[in-house]
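*Asks:* The residues making up each chain are set out below.
2 protein chains.
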Amino acid sequence: MIKKIIALLGLVLFQYMVSKAQSTGIYMPLPAHMEKLDGKFAIHSEFSTFVEGPTSERVRSAVQRFQYRLSSITRMSINWYEYNTHDQPSLSIVYQNSVAQAHLGMDESYRISIDPDAGILLQAPTDIGIVRGLETLLQSLEWESSEYFFPMLEIYDGPRFPWRGLMLDVCRHFMPIDRVKSIIDGMVVAKLNVLHWHLSEDQGFRVESKKFPRLHELGSDGLYYTHDQIREVIYYADIRGIRVMPEFDMPGHTTAWMVGHPELASAPGPYTIERFFGVFDPTMDPTSENTYQFLTSFLEEMSTLFTDEYLHIGGDENNGVQWDQNESIQRFMKDKQIENNHQLQAYFNQRILHILEANGKKMMGWDEILEEGISKDIVIHSWRGKDQLVTAAKNGYKTVLSNGYYIDLSQPASFHYTNDPLPADSPLDPMFHSNILGGEATMWSELVSAGNVETRIWPRTLAIAERLWSPLDVNDVPNMYERLFKMEDHLELAGSYHRKNRNALILQIAGKEEASLLEYLLDWLEPLDGYRRHGSQPRYTSYTPLTRPVDATYPDAIRAVKFGIVLQRLHSHFNQSDYQFLKNELKDFKEKSKSFEAFTEQNHLLNEIQPLVAALITTMSIIEELVENINNKKLTNNLRLTYIDKINELNIPAGELELGITPWVLETLKTNGKD
Amino acid sequence: MIKKIIALLGLVLFQYMVSKAQSTGIYMPLPAHMEKLDGKFAIHSEFSTFVEGPTSERVRSAVQRFQYRLSSITRMSINWYEYNTHDQPSLSIVYQNSVAQAHLGMDESYRISIDPDAGILLQAPTDIGIVRGLETLLQSLEWESSEYFFPMLEIYDGPRFPWRGLMLDVCRHFMPIDRVKSIIDGMVVAKLNVLHWHLSEDQGFRVESKKFPRLHELGSDGLYYTHDQIREVIYYADIRGIRVMPEFDMPGHTTAWMVGHPELASAPGPYTIERFFGVFDPTMDPTSENTYQFLTSFLEEMSTLFTDEYLHIGGDENNGVQWDQNESIQRFMKDKQIENNHQLQAYFNQRILHILEANGKKMMGWDEILEEGISKDIVIHSWRGKDQLVTAAKNGYKTVLSNGYYIDLSQPASFHYTNDPLPADSPLDPMFHSNILGGEATMWSELVSAGNVETRIWPRTLAIAERLWSPLDVNDVPNMYERLFKMEDHLELAGSYHRKNRNALILQIAGKEEASLLEYLLDWLEPLDGYRRHGSQPRYTSYTPLTRPVDATYPDAIRAVKFGIVLQRLHSHFNQSDYQFLKNELKDFKEKSKSFEAFTEQNHLLNEIQPLVAALITTMSIIEELVENINNKKLTNNLRLTYIDKINELNIPAGELELGITPWVLETLKTNGKD
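Line by line, the protein sequences give chains A and B.
Residues in the first sequence are numbered consecutively from 479, following the working numbering.
Residues in the second sequence are numbered consecutively from 479, following the working numbering.
Be a bit skeptical, because a hint or two may be false.
Same chains, same label: a pair holds when it works inside one copy or across any pair of copies.
Claimed, not checked - The list that follows gives simulated cross-link-like pairs (lysine-lysine, BS3-like), each with its CA atoms no further than 25 angstroms apart: (1) Lys990 to Lys1072; (2) Lys1124 to Lys854; (3) Lys1061 to Lys990; (4) Lys688 to Lys839.
Hints were generated in silico from the structure; no laboratory data involved.
Start from the sequences and build out the full structure, keeping to the hints where you can.
*Replies:* Spelled out as structure tokens, the structure:
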């Protein structure tokens, strides 16, 4: 079934280049079951909506958003809000339950049936299913010239995994409340259901504490959320069917706590907010009863403020330096026969677990918290590798995968997409499969600010969202990319700022007259991936402005990816339309690249990428030759190796950017192709 | 002095077209006194800030925003926050008082002194002066290649008028809290100091009332602000030195109140939220003691929530229909010898005034509330004409001008700019001048949504802001436009979304590949001005989507204005560089316009502007001929009249848009020019 849908969706490939004369739907994440038939339900200005189910602010506001977006796209004045007044409504929404609060395991399934005569029926067991279904319904919208319609179809859909999260680090760079909300707006489109809010770090303590105001007053530079704001975000997320799980990372990554409360640390202090990034020494003293008294009181406050069942205690990257150097801690370990720092941290975790349990919370932590004997009620969050995930699941722990979903590392979306928490060849016994709750994309913020965080999250996190929502066999990379780039419109209209903020930065760098040229150029470039940018000189700090060309690039260089996919396909089997597409792109590039030199020379903000632009121009000319050779089927082994050498030679980063096309060409040249 | 500054600033004319290799400062509103000398204070990574004055969250956060913007522009990693640690700080900020709350008459003056050796000194009597001064300081930033510096200068500055407001209608279209805040961000750049928040209307009641929850529950479609959100906005504005004055329009414009409280009306109801725009019948019953009991309780609640000294009661456009038809009201009028509806409304106002006074508030209202005998403590808000303003001021009333500042009407910025509340030839006796408090730009929202409201407000409201801040003799229109368009960068970096949201809509209409072409085209077009769009068919309602080409245009078509200014100058005295500029623009237009036909034909969203595009192309070819004629000094009277006819003939709107260049050409052709 799924393969059939993909084939069907394949028809829309590369329509992004043609005019907006028509469009079929774009589904992402792909529904679990879908059948598209031949027929249309046209949208007209008397489009009426009927809602049947218990009162639900979720449904009310989701319908309002649906209507806003639908009329924004269609430009139709539709007479909304006249529920229940039509004998046969255009859209009927029927659900059984209004969920008290979004929670792990909530029913998110729904069913859509569109019929040219009977109209649209959206049904779900819960109001959260309705929220999900309305997104899919919008994605199904099609048009031909100025006629807009929903196609005749049947969809039965529900998520593969119940935990589909996005972790947002608001500590390395603060994200104002508006940014958090617009990120949630994007999550709704992606059908993600957990906002994991990373709220404390060496670089900042971001929550108001009424019990310990020195935490936010001294640990945040004034950049923190008030209780009211947090409640506002929780509500905002909840009516979109999204949970909000806070993280207070401990005992390491806690420098900002200690600015106001040095007594929590394992060394005397004083402390200042950390401005660099990395792993630092300040660590809570796990041997002091003071620490637990403080945390008992603090976690009680936070357990009331944050209403989700889960609270994340971090627990990662404790370097042990302060513990090793503290005599009293060493004595404590000897007395209690605690053999090493890992065991000491386990002791700490155990104490925290009791505090959380007393407050009715379940504990989650990064995979360092897994220790023999610890309660099976905790959730292990795997970041270091999939082995940890499997081990934990096998041992009866619920687990969530983030290894492979580090979207801060600028890896290709395809890398994340093919990273399945439970692949077909998983070594895990099926009886433990349900221990794999899902996964979370992690947006660490050393190298992003509120200005470009969404540009880094979207559209790519949709690839992870689809991995976690759609069936296992939905895994066609070119098709994923095709839909991914098209989802930008949906995201923006839903409230995301990924493209708006990117364009603002491009304008800021290039000015109005040359903005589109710079955008074109940047669409061929990608930020250095992995941790390579972290090693740059001068070292990044919290104060380093993130307004350079690299900060306006997508980790998947959109033009390079589109070009690369077609190049690979052409290499594996020739077809005229692919060939023509590449020729056109190359011609266009040649034309535009004439201005690159003067442009990057005159604007001092672009000087740093001049070498890369030169390399891009040469690389593209090599590719032009390559395309001709592929076309003429003359690509000998020798020639292939020559090309590989040439392309590699030009692969030198500049301005923390590199050519997006290079990996695609190298991948293409791996084989002899169709010869 | 001022003329000298303008001459100096004139040097930067049309630099927007050249590369970003260098830039001098852009000041808007222009400081009252300014002397620029020959010298620089270079910005370096050890830029340090010293603050001396009483604790002020205003100063703390303003410094943080200053630093963020400065490093965003310069791309420099600067070691901030190390106050007081340098013997000689780069920037010294010294102020005497921290103002408890922003209020009418607060001292906003400041003084900047920049010296190549001694660094920057910013002084002010209050912390609000510091907020204003930091904006000016950022505006003074210059660069040459990659060197950024502040020029040597002396500025003494303070506002001409103490009331410089922006009225925001959040009723016809709701503006979420984030939008309100980003509008405040823009107001800070413009040195505006009053957000007049128009909160209730026929189309929506936008504030939570804890005393009368049916008001917002039934009167808002769920689109209202909670008390927490309102307090957040007030705080957000206050630390930026901006007052927040609420308006609850009464007794007319009150349909949304009556959905939940029909007993307030002068006719039985039931009522539903109004979806059309205009003047409607529902009006409060001014003869019922119930009404006053209700309003006593309601206004008490709002007087606590909104902390500004003033509360605006609207009072405009009561059509009297319900009063005329209500027998009991007619009887009441007879009994009390009230002769007409105007007097009846005066009676109502008098009662409201007492309620407000009991709550420690001063009353403001639209100019209909002016009635003999009413307390001199009220403020008259003139919207119908300047005569009203003068009359009120002469009679001892404080007044605020909005007539001529209706930014929803898409008139040219120059029109607003030359509309002085107290012009040199004012008939008002100097002894009453201080009764003119200032003015307010009014952003009525019938035809704007949250998506494009900022695009309509900015950058043009800066022209009004300058009118209200800078001296009377700052009034050079071409110079104003020149600076106005350049301020876009400042606004965006400060947090405004005017350009980002416009670009998002352009992308939505045109798609990525053709967005820059559409932007270019729209930069020649303007929305119909005045009330002409209101008459369009089908009639606009609250549900009409505002996502058409017209919704992405600026009321001052940027390319047309720039072209028009140069054309007029060339006509009055020939110079080669102006001539060359026009030639280049025309060449560029010819090149780009080749694609217009196919582009607007293929994209059905652009079909409606096809006739206009054809007219634009023809108009530009006539202008090309005209430019050659001006150049050759052959423009006879006959030819001039022929051109006028031709241009007029092509002046037919389409898609609620018209050509931005037409008025400029017609204005140019009014005279024979240099011949």
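*Asks:* Against this structure, judge whether each hint is valid.
*Replies:* Hint-by-hint comparison with the structure:
1. Both within a single protomer and between protomers do Lys990 and Lys1072 lie at most 25 angstroms apart by alpha-carbon distance, with minima of 19 angstroms and 21 angstroms respectively.
2. When the C-alpha separation of Lys1124 and Lys854 is checked against a cutoff of 25 angstroms, the pair qualifies neither within a copy, at 55 angstroms, nor between copies, at 84 angstroms.
3. In this assembly of identical chains, the alpha carbons of Lys1061 and Lys990 lie at most 25 angstroms apart only when taken from different copies (20 angstroms versus 29 angstroms within one copy).
4. Taking the closest pair of Cα atoms, Lys688 and Lys839 come within 25 angstroms of each other only inside a single copy of the chain (20 angstroms); across copies the shortest separation is 33 angstroms, beyond that limit.
Checked against the numbered hints given earlier, the structure breaks only hint 2 and satisfies all the rest.
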